[in-house]
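Visitor: Listed in order, the protein sequences are those of chains A and B. Counting in our numbering, the first sequence runs from 1 upward without gaps. Counting in our numbering, the second sequence runs from 1001 upward without gaps.
Please keep in mind that the hints were generated in silico from the structure rather than gathered at the bench. Note that the structure is a prediction, hence the values are computed from the model and not measured. There could be a bad hint or two in this list.
What the hints assert, rightly or not - Each computed DSS-like pair below joins lysine-lysine, with the alpha-carbon atoms no more than 30 Å apart:
1) B:Lys1266 to A:Lys67
2) B:Lys1303 to B:Lys1361
3) A:Lys58 to B:Lys1266
4) B:Lys1313 to B:Lys1158
5) A:Lys68 to B:Lys1268
6) B:Lys1260 to A:Lys67
7) B:Lys1158 to A:Lys68
8) A:Lys58 to B:Lys1313
9) A:Lys58 to B:Lys1158
As the list claims (entries may be wrong) - Cβ-Cβ distance ranges computed for the label pairs, FRET-style:
10) A:Ser71 to B:Pro1046: 41 to 51 Å
11) A:Ala80 to B:Pro1218: 44 to 54 Å
12) A:Pro35 to B:Arg1106: 49 to 59 Å
13) B:Glu1113 to A:Ala80: 46 to 56 Å
14) A:Pro35 to B:Arg1117: 51 to 61 Å
Just so you know, even glycine gets a beta-carbon here, dropped at the ideal spot from N, CA and C.
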Amino acid sequence: MKTLLASFAFAATLAGTAAVADEANIRLKDAAETPAVVANCSVCHSVDYIQMNSRFMKRAGWEAEIKKMVSVMGAPVSEADQARLLDYLTREYGVAE
Amino acid sequence: MDRRSFVRAVAGGAALAGGQLLLPRSILAATLPAGTLESEELYALPGKRPLIKRSFRPPNFETPVGQFADVITPNDRFFVRWHLAWIPEVDPREWRLSIGGDAASRPFELSLEHLQRDFEQVEIVAVCQCSGNRRGLSDPHVPGVQWGYGAMGNARWKGVRLRDLLAKAGIGKEAIEIAFDGADRGALDATPDFLKSIPAWKAMDENTIVAWQMNGEPLPHWNGAPARIVVPGWTATYWMKKVVSIRVLSQPLSNFWISKAYRIPKGKFATVDRFTSQETAENTPITEIVVNSLITNVTEGQKVKAGAPLVIKGIAWDAGFGIRDVGVSLDGGRTWQSAELGADLGRFSFRPWQFVARPAKGSYTVSARASNGAGASQTTQLIFNPAGYNNNVIQRIGIEAA
Chain A
1 MKTLLASFAF AATLAGTAAV ADEANIRLKD AAETPAVVAN CSVCHSVDYI QMNSRFMKRA
61 GWEAEIKKMV SVMGAPVSEA DQARLLDYLT REYGVAE
Chain B
1001 MDRRSFVRAV AGGAALAGGQ LLLPRSILAA TLPAGTLESE ELYALPGKRP LIKRSFRPPN
1061 FETPVGQFAD VITPNDRFFV RWHLAWIPEV DPREWRLSIG GDAASRPFEL SLEHLQRDFE
1121 QVEIVAVCQC SGNRRGLSDP HVPGVQWGYG AMGNARWKGV RLRDLLAKAG IGKEAIEIAF
1181 DGADRGALDA TPDFLKSIPA WKAMDENTIV AWQMNGEPLP HWNGAPARIV VPGWTATYWM
1241 KKVVSIRVLS QPLSNFWISK AYRIPKGKFA TVDRFTSQET AENTPITEIV VNSLITNVTE
1301 GQKVKAGAPL VIKGIAWDAG FGIRDVGVSL DGGRTWQSAE LGADLGRFSF RPWQFVARPA
1361 KGSYTVSARA SNGAGASQTT QLIFNPAGYN NNVIQRIGIE AA
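Hey, can you work out the whole structure from these sequences and the hints?
Guide: Shown next, in the form of structure tokens:
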């Protein structure tokens, strides 16, 4: 039901919002984890949120963001993917300790 | 001076040598994150003219600074801010607003036609400003939508006093907060719906309205059609767009958006309005808009003609205490002269101002500093807080007269 609702909502957003068509032009940095990042994050928001919030967060900062998305916003991201996302965001869109 | 500010002071050596350094050096470091600048673009949402894109979905778009030359922000230039990506187009004929809650004895529902016909209609000019406006200029940067100066707008709102609707709904003495829900929601069931509340006393203020018109026209879809809450003097987080439910509560609202988000540390800001039912030992919901100003016609690095009149223009605003003075400085805050205040469209509106300078050949740092009727002025140094709210740091814009 949740998945059904999610896809319905996404379709409704697509129909009601011409802007999302331009999401297709967002290019995240290419890496092994990129498909997982796009697949998980795009369920709820465009991935320009990642670009916009770079580069100033350390690993702990990105970790807090992922945790917020999972535990507060209810994003169904597997633990394996959470680790992939954290590595990617820290490396490509974060700053060193 | 710590090492960091020392490095900055050296980096800004030209200004030091010129003897113009009165405002803290760190202000010059106020710039958007590199990734924000790389991913921004001018983009026109349907029904809007180009705005600065911060994110596509949910849509977050800010107004370019030059557009604030008009004291009223046109609807098609008004900033757009949503938390959740599912934003339905609401048919005004189908729209219903339900007003109830455990502290309302006569709950009822009304259509747009009823709202427009059965209650006294009032108008007010008021600034709608995102709590996080200028967040992108925080130093150090903090996560969130990386707004520059344009997550705000000033409009003439028309609608019905919220207190008239609450009276009809039989608001009881036990009412402590009034909660709002809009038609938007997240892509997932699990995402907390965006609900907000305000204290009952603020809801009963004569200036708080349910607006169905903006600058003489229906509200744009992106700004909350067919009706939104307008809370003059308070930041936009309470101005619920596409409002569909108003609940009168005898207990404080509890959810992520009111209990965790939109909070400022206690004791850091000279806030007048309190939201006591939501305060904790550490923090409190953001309430009123801090006194602020924006220079609208001078840009960093601009070359002007030496010895010729230079008209510096801008706007100033606050939470409704009234703008008392706008000082303008061309020497980095060493000396200030009062600008001429323009048309007064009401205490919740932008107040235009201008100042005519005649700079001789040389480099200048242009600043404006607004003060209000509550005795507050803009700050010279950022009052850091983890969510980047209440940024009213005095601008510093470097120009050259030749």
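Visitor: Would you mind marking each hint as holding or not holding in the structure?
Guide: Going through the hints against the structure:
The suggested pairing of Lys1266 (chain B) with Lys67 (chain A) holds, with an alpha-carbon distance near 26 Å, which does not exceed 30 Å. A distance of roughly 11 Å separates the Cα atoms of Lys1303 (chain B) and Lys1361 (chain B); the hinted pair therefore holds under the 30 Å criterion. Between Lys58 (chain A) and Lys1266 (chain B) the CA atoms are separated by roughly 27 Å; this keeps the pair inside 30 Å, and the hint holds. Simply put, Lys1313 (chain B) and Lys1158 (chain B) have alpha-carbon atoms about 28 Å apart, close enough for the 30 Å limit, and the pair holds.
At roughly 25 Å between alpha-carbon atoms, Lys68 (chain A) and Lys1268 (chain B) fall within 30 Å of each other, so this suggested pair holds. A hinted pair counts as satisfied when its Cα atoms are at most 30 Å apart, and Lys1260 (chain B) with Lys67 (chain A) qualifies at roughly 15 Å. Restraint check: the Cα-Cα separation between Lys1158 (chain B) and Lys68 (chain A) comes to about 38 Å, which exceeds 30 Å; the hinted pair is violated. Pair hint Lys58 (chain A) plus Lys1313 (chain B) does not hold up; C-alpha atoms about 40 Å apart against a cutoff of 30 Å.
Between Lys58 (chain A) and Lys1158 (chain B), the direct Cα distance comes to roughly 46 Å. Violation of the 30 Å bound is thereby established for this hinted pair. Distance hint for Ser71 (chain A) and Pro1046 (chain B): a CB-CB separation of about 35 Å, inconsistent with the stated range 41 to 51 Å. With their beta carbons about 48 Å apart, Ala80 (chain A) and Pro1218 (chain B) fall inside the hinted range of 44 to 54 Å. Pro35 (chain A) and Arg1106 (chain B) have their C-beta atoms about 55 Å apart, which keeps the hinted 49 to 59 Å range intact.
Separation of Glu1113 (chain B) from Ala80 (chain A) is about 54 Å and conforms to the stated range, judged on CB atoms against 46 to 56 Å. For the hinted restraint 51 to 61 Å between Pro35 (chain A) and Arg1117 (chain B), the CB-CB distance of approximately 55 Å keeps it satisfied.
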